[in-house]
Amino acid sequence: MASTETHDTPGLFRRVMESEHGFLALVLIVLVVGLGLATDRFLTGSNAVAILHQSSLVLIVAVGMTLLLITAEVDISVGASLAFASCIVMATINATGSIALGALAGVAFGAGIGLINALVTTVLRVNSLIGTIAMMMMLNGGVYLFTREAVQNHHQLPLFPKIATGFIAGIPVPVLIAAVVAAVGWIALSRTRIGRLFLATGANPRATRLSGYSPERFKTVAFVVTGALVGLAAVVLASLLNAGQPTAGQGFELTVIAAVLLGGTSLMGGRGTVLGTILAVLILKVIDNGIILLRWNQDLQIIVPGIVLILALYMDQRKRGHHAG
Amino acid sequence: MPDKTKQAPALRVSGLTKRFPGVLALDDVSLEVHSGEVLALLGENGAGKSTLIKMLAGVYVPDGGTIETKGQERHFTSPADALAAGIKVVFQEIALVPEFTVAENIFLEDHLAGRFGKVGWREIRRRAAEIFERAGFDIDPDAKVRDLPISQQQLVEISRALAHEAEIVIMDEPTSSLTPAEVRHLFQVIERLKSLGIAIIYVSHKLEEIFEIADHCTVLRDGRWVSSKPTAEHTNASLVTDMVGREITDMFPRTDRTPGETLVKVEGLSTRRLLKDLSFDVRAGEVVGFFGLMGAGRTELAKALVGYDPISEGTIRIADKPLSPHDTRTGKALGIGLLSEDRKEEGLMLDTSVTRNMTLATLDRFTKAGFVDTAAETKAAQGYTDRFRIKMARLDQAIRTLSGGNQQKVLLSRWLMHGLKVIVLDEPTRGIDVGAKAEIFALIDELAAEGFAVILMTSEMPELLGLSDRIFVLSGGRITGSFDRAGATQEGVLDAAIK
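Chains as they are written, first to last, in numbering that gives the first Met the number 0: chain A, 0 to 324; chain B, 0 to 498.
Please keep in mind that the hints were generated in silico from the structure rather than gathered at the bench. Note that the structure is predicted; figures quoted are calculated from it, not measured. Some hints could be false.
Unchecked claim - Label pairs and their in silico Cβ distance ranges:
| no. | chain 1 | residue 1 | chain 2 | residue 2 | range |
| --- | --- | --- | --- | --- | --- |
| 1 | B | 370 | A | 309 | 31 to 39 angstroms |
| 2 | B | 80 | A | 316 | 48 to 56 angstroms |
| 3 | A | 125 | B | 80 | 45 to 53 angstroms |
What the hints assert, rightly or not - Subject to a maximum C-alpha distance of 25 angstroms in a straight line, what follows is the list of computed DMTMM-like cross-link-like pairs (lysine to aspartate or glutamate):
| no. | chain 1 | residue 1 | chain 2 | residue 2 |
| --- | --- | --- | --- | --- |
| 4 | B | 343 | A | 215 |
| 5 | B | 228 | B | 211 |
| 6 | B | 205 | B | 164 |
| 7 | B | 498 | B | 164 |
| 8 | B | 367 | A | 315 |
| 9 | B | 228 | B | 26 |
| 10 | B | 193 | B | 207 |
| 11 | B | 343 | A | 315 |
| 12 | B | 498 | B | 139 |
Claimed, not checked - Rough simulated footprint, nothing fancy, chain A against chain B, three-plus residues with beta-carbon under 8 angstroms:
| no. | region |
| --- | --- |
| 13 | 322-335 |
| 14 | 357-363 |
We treat Cβ as the ideally placed atom computed from N, Cα and C, and that holds for glycine.
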């Protein structure tokens with residue numbers, strides 16, 4: 000409160016901290032430089048590709064989750080849905096011999112679950128946190144009605160494993176898929192009419208309705224997009240595991256939501272960016288990677304992101320408090 | 000009455016100054032108030048009233064100047080200090096514990112200090128009842144505060160002042176959420192407090208109240224002292240001039256206009272909860288005012304009219320087309336829109352830019368192949384900020400940082416940009432400054448002159464009588480009176496409102 004004169008020329012550090020994603024970018028840079036100094040196995044081409052590869056599944060779903068959180072809703076069922084959808088993908092390919100049909104089935108299943116979540120939220124008016132926890136329980140149980148054990152690869156199509164392990168122009172296929180999803184999400188949110196209305200829906204649903212739009216419609220779209228992206232991720236997952244795995248999605252929803260929140264998207268809706276989510280996913284995966292390379296206790300892979308999340312949200316609060324005052 | 004000139008004032012403030020980073024919130028302000036006197040503290044938003052009150056309440060520590068009570072200089076570092084010196088502030092946001100009883104709330108400080116053990120519950124109730132007796136309040140000491148209406152919660156706050164033997168009571172906009180009957184009662188309470196020798200500082204925007212209740216007026220503007228005079232030496236116009244800093248010759252300008260075609264035709268409108276069988280129509284170039292007390296159905300009607308809330312019976316036709324399906328998208332397409340009474344909850348996206356707030360209803364016009372043309376959008380927003388002289392630093396600043404009056408102009412622009420035939424204004428001047436009010440009144444007249452049908456929902460009598468061509472009065476969800484401009488009187492309207 001003391002000196003007001005220095006406010007006009009904030010230092011570089013301060014400007015970085017107060018810019019939209021400066022803090023996240025700074026954290027990422029510090030992590031990369033720090034790990035680069037700590038171990039010579041970090042800053043290698045193959046390790047960079049590995050990190051991107053591991054980021055792709057989370058990022059694909061996190062883009063959808065960013066849109067959903069922006070409309071002030073959340074989907075806790077994405078992990079359970081991912082596992083179930085991976086079984087559907089594999090079973091469909093086994094039955095039809097077509098990867099395209101398998102992928103389609105997975106995406107349709109995910110989108111369908113998203114639609115049900117949307118209807119429970121917008122029509123039955125059940126809080127989406129509760130509604131999607133219920134959906135998670137139903138899917139976790141339901142998948143065992145569908146298959147008692149992992150759905151194995153009976154079709155042996157040579158192209159199938161390539162979805163997860165193949166390269167196009169030197170870039171892993173999952174990374175390409177994630178990049179396309181993120182780019183489309185980024186553009187949609189920042190440049191298009193529907194992106195604006197996602198933001199408006201979360202920022203003030205009643206004002207949005209008074210302005211002649213249906214906030215429920217945008218919430219529904221966000222749920223369905225998130226679900227469809229879960230289906231897409233399930234195709235990659237099934238290929239990666241070379242099986243449909245009923246238990247594969249455990250904890251996945253937490254990683255996704257943690258990344259979206261770390262990326263600066265508000266749990267209250269109305270605020271968030273895809274760029275923030277991308278940076279946050281990379282931060283979490285670099286931390287993962289670092290813990291492995293440094294041969295730390297692997298349980299830290301779960302503990303450290305928790306700490307990072309709290310720190311990040313605390314910094315964000317402080318930043319906003321400063322602006323408000 | 001003791002001779003005031005010989006006695007030290009109950010409260011004297013001299014040269015009070017407060018700085019916040021980048022702003023001088025209060026600059027060398029002085030005032031005094033005597034026992035048994037009501038001092039009105041007036042000024043627009045940002046004039047420094049809140050800052051001043053918060054320093055008297057011990058919330059802020061002054062950067063300069065002195066506060067004296069009964070001739071003795073005081074230094075407050077916490078609200079407890081101010082209370083100990085006999086100053087009690089009744090803030091707009093009432094600070095009671097909803098789950099506690101009335102008596103517990105009155106002795107809250109003792110409760111928090113763990114002194115209840117000594118005092119005893121029965122004693123607390125007895126003392127509360129005693130205070131009510133002295134002040135003439137009819138409140139049950141055992142009622143839970145959450146079950147009381149705001150007006151009674153206010154009395155509980157005032158009772159806290161009496162319990163602490165406060166000699167100076169400061170009321171911050173005390174009537175902003177009271178009904179006319181409750182306002183009358185509050186004025187009786189204030190008279191009672193005066194007779195008990197308590198000095199009162201009364202902060203309000205409502206000039207008619209000032210003339211009724213205040214002995215003296217002190218006006219602040221931009222953090223500075225402007226004038227201190229007995230109320231008797233003021234006129235409405237002189238107070239407004241002091242507050243705004245320029246003369247407002249005509250609060251309610253009126254262009255000559257002749258009503259055109261019927262734009263709104265409502266027949267037999269009912270809603271499940273409140274409205275019953277409403278029929279009326281509104282023509283182009285007309286301002287039709289709806290008056291009603293709290294709960295009469297003004298906001299319900301406003302929301303049903305634009306398709307926001309469902310209706311159970313009846314029809315609404317806008318420019319001869321039915322509002323069907325009954326939703327806001329159809330309403331917008333037919334050309335009817337609502338400026339809500341609740342800017343924060345139903346109007347603003349607080350952390351979003353001025354531009355994006357303004358273009359929300361018009362987004363489709365700036366969209367090409369799904370993409371928003373931000374250059375065109377910014378240009379359009381710039382046009383409206385110039386036209387309405389909306390004060391702000393940049394178009395991309397968060398609308399949260401604008402004053403209430405400027406926020407309201409942005410929300411009005413949201414609809415004007417879209418281009419409506421009918422605009423429904425629900426309490427359009429709630430919580431905004433006198434200066435900005437005058438601008439909004441002028442704008443309403445301008446809109447009617449341009450051929451808009453304007454439907455005005457208001458609980459402010461001067462606004463209703465000053466702006467409306469025709470008036471309907473609502474009570475219990477029904478129309479209980481209708482007046483034309485010439486035949487409308489305050490008494491007639493109030494009579495119909497309590498039917």
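For each hint, the structure was consulted:
1. Checked against the hint of 31 to 39 angstroms, the C-beta distance between residue 370/B and residue 309/A comes to roughly 38 angstroms, which is consistent with it.
2. Taking 48 to 56 angstroms as the suggested C-beta distance range, the pair residue 80/B and residue 316/A does not conform, at roughly 30 angstroms.
3. Remark: the range hint 45 to 53 angstroms for residue 125/A to residue 80/B is upheld by a beta-carbon distance near 50 angstroms.
4. Under the criterion of a C-alpha separation no larger than 25 angstroms, the hint pairing residue 343/B with residue 215/A is consistent with the structure, at around 20 angstroms.
5. For the hint linking residue 228/B to residue 211/B, the alpha-carbon distance of about 15 angstroms falls within 25 angstroms, and the restraint holds.
6. The suggested pairing of residue 205/B with residue 164/B is violated, with an alpha-carbon distance near 29 angstroms, which exceeds 25 angstroms.
7. Proposed proximity of residue 498/B and residue 164/B is contradicted: the alpha carbons are some 41 angstroms apart, above 25 angstroms.
8. Proposed proximity of residue 367/B and residue 315/A is contradicted: the alpha carbons are some 35 angstroms apart, above 25 angstroms.
9. Distance hint between residue 228/B and residue 26/B is fulfilled; the C-alpha atoms sit about 19 angstroms from each other, no more than 25 angstroms.
10. Using a Cα cut-off of 25 angstroms, the hinted pair residue 193/B and residue 207/B holds, with the two alpha carbons roughly 19 angstroms apart.
11. The suggested pairing of residue 343/B with residue 315/A holds, with an alpha-carbon distance near 23 angstroms, which does not exceed 25 angstroms.
12. Restraint check for residue 498/B and residue 139/B: not satisfied, since their Cα atoms lie roughly 29 angstroms apart, outside the 25 angstroms limit.
13. Remark: the region 322-335 of chain B is confirmed as covered by chain A, as 6 of its residues place a Cβ nearer than 8 angstroms to a Cβ of that chain, reaching the required three.
14. A count of 4 residues in the region 357-363 of chain B with a Cβ less than 8 angstroms from any Cβ of chain A is obtained; the coverage claim is therefore met, three being the minimum.
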